[in-house]
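> Each chain, letter by letter, is given below.
Number of protein chains: 2
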Amino acid sequence: MEFKLKPIGIIHTPYKSMVEAPYQGKIAKDVCLIEVYKEYEDGLKDVEDCSHLILLYWLNKARRDTLLARPPHNHKIHGVFATRSPHRPNPIGFCIVKLLERKKNILKVKGLDAIDGTPLLDIKPYSPKFDYVPNAKVEWLEKAEKKC
Amino acid sequence: MEFKLKPIGIIHTPYKSMVEAPYQGKIAKDVCLIEVYKEYEDGLKDVEDCSHLILLYWLNKARRDTLLARPPHNHKIHGVFATRSPHRPNPIGFCIVKLLERKKNILKVKGLDAIDGTPLLDIKPYSPKFDYVPNAKVEWLEKAEKKC
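Respectively, the protein sequence lines represent chains A and B. So for the first sequence, my numbering puts the first residue at 1005; every next one is plus one. So for the second sequence, my numbering puts the first residue at 1005; every next one is plus one.
To be clear, the hints were calculated from the coordinates, so they are not data collected in a lab. Nothing here was measured: the structure is a model prediction, and the numbers come from that model. Heads up, some of the hints might be wrong.
Given that identical chains are not distinguished, each listed pair holds provided it fits within a single copy or across any two copies.
[To be verified] Each computed DSS-like pair below joins lysine-lysine, with the alpha-carbon atoms no more than 30 angstroms apart:
(1) Lys-1080 to Lys-1107
(2) Lys-1042 to Lys-1150
(3) Lys-1102 to Lys-1133
(4) Lys-1020 to Lys-1008
(5) Lys-1114 to Lys-1030
(6) Lys-1107 to Lys-1049
Chain A extracted, bound-state conformation (with noise of 0.2 angstroms):
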């Protein structure tokens, strides 16, 4: 069984490779624009009423035959499912950004770690009232953030 994504529009971010790109969204402070395609458009309206937006993208520099991963925060081996690994069976990216701009097909954003020409899958509403979860915790990056 296989199912097929379809690029919507493309990513332009300053990062040329993974090392320049921040290891998370979070941390980036650089405008990065979202050119979704002209056939997309229309699926655009009312997109400016989000002050975020949940996007997915193809992480097409990924490694998809792997499934431990020793992340940046510690020099543990964990399975990928644990981490937020790039390299992952089916590599997509996700990301909570800040909409600063639309302009017809081009979003600007900020707060995106992805490289430069990744590939666009889905833009969602990012809204605290679903997707906020106050005191969940991942144990294994509390211990690594603590040993810092």
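Assemble the complex: chain A is given as a structure, and chain B must be docked to it using the hints.
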């Protein structure tokens, strides 16, 4: 250009159709089972460290040929990228769930809106450090809720 996704597991829920499924995972009270296929089980190492998980899944009952949606909250038409409608060009479902228990390749979770038999695409750890924006707003949703 096209990208191919492989299911890494299957989602078992009590919801047999879109009508039965809650419109948002956050309001779902039922316990659901995530079956990760055996060949991907190694990717779950340390997943029990996560109190909450981001699930991505393939909305195989959704339409892909529409760019407009009329959400249940109001009677206005919005672009699909300004809504959480399942009907969108790349129908990838997104939900943050509470992890109740892991037994080998089976995860018991709460807070999921997917239909029974939905193919699983990815699991990522949820952390409010990365994934929480306190003052984010969706204007059309705010207005619709005020009218309720």
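> Any of the earlier hints contradicted here, and which numbers?
2
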